[in-house]
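Q: Assemble chain B onto chain A, guided by the hints.
Okay, here's what each chain looks like letter by letter:
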Amino acid sequence: MKILVPVKRVASLDDEFELNDDGRDVDPDFCEFDLNEFDEYALEAAVQIKEAAPEGSVEVVVLTIGPDDADDVLRKALAKGADRAIRVDDAGLEEADRVAIARVIAKVAENEEPGLVLCGAQSADQGNAQTGMSVAALLGWARTAVVSKLDFTPGAATAQVERELEGGLVERIEVETPAVLTIQLGINTPRYASLRSIKQANAKPIECLTPHDVGLADAEIGGAGALSRVRRVFVPERGRGEIIAGTPSQQVARLLEIISEVNG
Amino acid sequence: MSGILILAEHRRGTLRDATLEAIGAAGTLKAALGGPVTVLVIAADPAPLVAAVSVGAVDEVITVARPDAATYEPHVYEAVLRAVIAQRSPSLVLMPHSVDSFSLAPAVAIGEGLGFATDVFGVAVEDGQVVATRAGYNEKVFVEIDFPGRSGVLLTLRGGAFAPETAAASPTVSALDAGAGAARSKHLDWRDPPASGGIDIPGSPFILSIGRGVGDEANVAQFLELAEGLGATLGCSRPIADNGWLPKARQVGQSGQLAAKCNLYIAMGISGSVQHQWGMKHVENIVAINKDPEASIFTIARYGIVGDMLEIAEELRKQKGIQ
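If you're matching them up, the sequences are chains A and B in order. Quick note on numbering: the first sequence equals residues 26 to 289 in the numbering used here. Quick note on numbering: the second sequence equals residues 26 to 348 in the numbering used here.
Warning: the hint list may mix true and false statements.
Said to hold, decoys possible - Mimicking DSSO-like on lysine-lysine, the simulated pairs with C-alpha atoms at most 30 Å apart in a straight line are:
id	chain 1	residue 1	chain 2	residue 2
1	B	343	B	286
2	B	165	B	343
3	B	343	B	316
4	A	174	B	273
5	B	286	B	345
6	B	306	B	211
7	A	27	B	211
8	B	165	B	286
9	A	174	B	211
No lab work stands behind these hints, which were simulated from the structure alone. Everything numeric in this text was worked out from a predicted model, so none of it was measured.
In isolation and in its complexed conformation, chain B is listed as follows:
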């Protein structure tokens, strides 16, 4: 039982950044847990992805080429990953806490009898045993999890929690013919998110974002005017886009946009779910405006106003002379 195995996540031919974060995490744990650090690439043609995962502490890349893995398919991936785990007995298996992993990680952990925790943002090794930290009760507490009696542990890692590794390395590369198993779902096609219509959340330095606190669709239009008057781009949280009150291109968060270039983010009536925070918690200047003083958005905000977003908006319009 040794070593760290990382499953590479890729989509439409491109490695996902979260894999580099998992490699970064493995780099920090390698000394305590022991190597080697191995990355598994499952694809119809894995060769073009090998260079991208040959970074940091990676000692070895295993490629598995299968025609039924042209796109991610959970039952195929399960068969391959379980075969590799059974052969290598890694003490730690890492993958991103992603939509793909949701349908894969539980089957692998149950099938191989691995210790299992998800959405983990801290990993420690104590007396050779893995201890994972994640959040609970909507981020209000942290939870330490251990895995008594388990010689291997599978963790899915929260996006942005571990520094990505990008320094080039020269791992050995080997091809493996792994896993029986057959696909039980069939890819039909991709649908890209609707065109943004000129809305640029990723490129905007100043975002004013609204959430459930807006209350009613009739209140939404005034925030478009307010954002314009302040020189900000209007963003929103998921429920606002789900209701069709604002287009999806304005949604900040895991299933929407990353506020990549933002320097000032004003969150009005947004409680701050993990999924929303994924899109904005890195922003240097976050202002949270919320009625609930316990809303988790306040824990990441530089400035906070406990109050009614509609009242604050009215006052903003008044003081800025916005009609």
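The following block holds chain A by itself, in its conformation from the complex:
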């Protein structure tokens, strides 16, 4: 059985950043990229299922959609226990929204026929919480969002999961498989990659495909497959509070003043 883990390369912005000329996104030159934190937990959940199963019976496949540079997050995933990596090049996906990205992932899932798709609950940079559950909808598979505990034996017809709700309430449910689950932070403790596994990961091939290669039609690619369009990105005008300057001793003196002013 395969477990497919789609991962995202998330961006954090430099202190100073500029927008693209069309004003619809941040210029990527001002971004630093890393593997989405939520996806690290999804990957670890997949690797733990593999390790609990008979050796060689489960293959963890990671997938990302992006340019050449996005291979970095796949290498990181390979070093943390994934067996195989696929990158679908994002040329032609400039106008894609999360649903259009999910169309690519769903096609790869149709081709790979995994028993489970595990995604991060959301991305740390944009936080749409759309991609994973859109993949489920496109595949017509059962789905559960924000999973904080997962019990699944490869081959079983259902998985027992806990989903974490607002306020820390937990609902325990049983969900049909194959299923798409989105994974919450804290479900496990993602492992660190050893130097040896990093070396091995760097030697592994990464399968590179185009949206057409995976079987998408023109009407499903990029903007054509999207349900939304970014019209404008802007930096909001926000009031900044009083910044307390000085030495730590002066800062704390002022802080104690504030505490006694507010608490009366």
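A: Showing chain B alone in chain A's frame:
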């Protein structure tokens, strides 16, 4: 294509406040977008929830009673909601940006070909078209989203972004037999968050809260002493509770506690994720202490100190004479 449809979110027999916020948002958009404003209640027994959604601009309540909707089930809700949308063709569908909606909204938007945006905190109508505003890049920019060619749009709304509507109204109420579809997951049981052990984040007027900046478990204990010495309740952000460094009852944020009665909130080493802000951004006096001058916590703080939380903590202990 007209009207605004709101899906009521309820749990264990109680309507969730976020639904009243969606009704509030619909009230502000009704004039520009056109009515009616309709609330859909899906439940095993919807009748007891009708009064709670009969508020504000609501013109109509549709109830769908299904035994397989005794608890929220995404595939059942998807079938019902899609049937109602297909029948009514609303120009706008609203639901909370909640864990339940995560597993529902994408399937409905894709299935019905609706424009789609999530975690939206601003909605405008321009020339009859919906434009949504949300944040991007970890709250550092705002993003305006439009939906070319879509006659209906589905939005999930950020908690706390729209004023809730509570004034009683007298909508028409009709029962509908809607939707085929079957459950593909089964509710087993609920597990309430562990007992708080006397820790009262919701009731505390003064909270000192720590985040990832604390660095190491060995540094946590001193903050319990510091909070006590200052007369504050110690709170924390999610990673601290996930690591087991502090009990979940101290976690402030969407999957933890709401600092409901707080008047002074000192956030130390907390960058300020949306989920954390949900629990505390309403507090009148927020002091942010963080090494990163660009941390988003500073955008909601009344006072800020750019510095190392451990150094500031040491200085606090010294000046307050806390051992």
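Q: Check whether the Cα positions of residue 174 of chain A and residue 211 of chain B lie no farther apart than 30 Å.
A: holds, 15 Å
Q: Tell me if the straight-line CA distance from residue 343 of chain B to residue 286 of chain B falls inside 30 Å.
A: Holds, at about 29 Å.
Q: Straight-line Cα separation of residue 286 of chain B and residue 345 of chain B no greater than 30 Å?
A: Measuring from Cα to Cα gives roughly 25 Å; hence the hint holds.
Q: Take a quick look at whether residue 306 of chain B and residue 211 of chain B sit within 30 Å of each other, Cα to Cα.
A: Status violated; Cα separation ~36 Å.
Q: Can the restraint linking residue 27 of chain A and residue 211 of chain B be considered satisfied, given a maximum Cα separation of 30 Å?
A: With a Cα-Cα distance of about 24 Å, the restraint between residue 27 of chain A and residue 211 of chain B holds, given a limit of 30 Å.
Q: Check whether the Cα positions of residue 174 of chain A and residue 273 of chain B lie no farther apart than 30 Å.
A: holds, 16 Å
Q: Take a quick look at whether residue 165 of chain B and residue 286 of chain B sit within 30 Å of each other, Cα to Cα.
A: holds, 28 Å
Q: Does residue 343 of chain B pair with residue 316 of chain B here, judged by a C-alpha cut-off of 30 Å?
A: Distance ~21 Å between residue 343 of chain B and residue 316 of chain B Cα, so the pair holds.
Q: For residue 165 of chain B and residue 343 of chain B, compute the direct alpha-carbon distance and say whether it is at most 30 Å.
A: violated, 36 Å
Violated hints for the displayed structure, listed by number in ascending order: 2 and 6.
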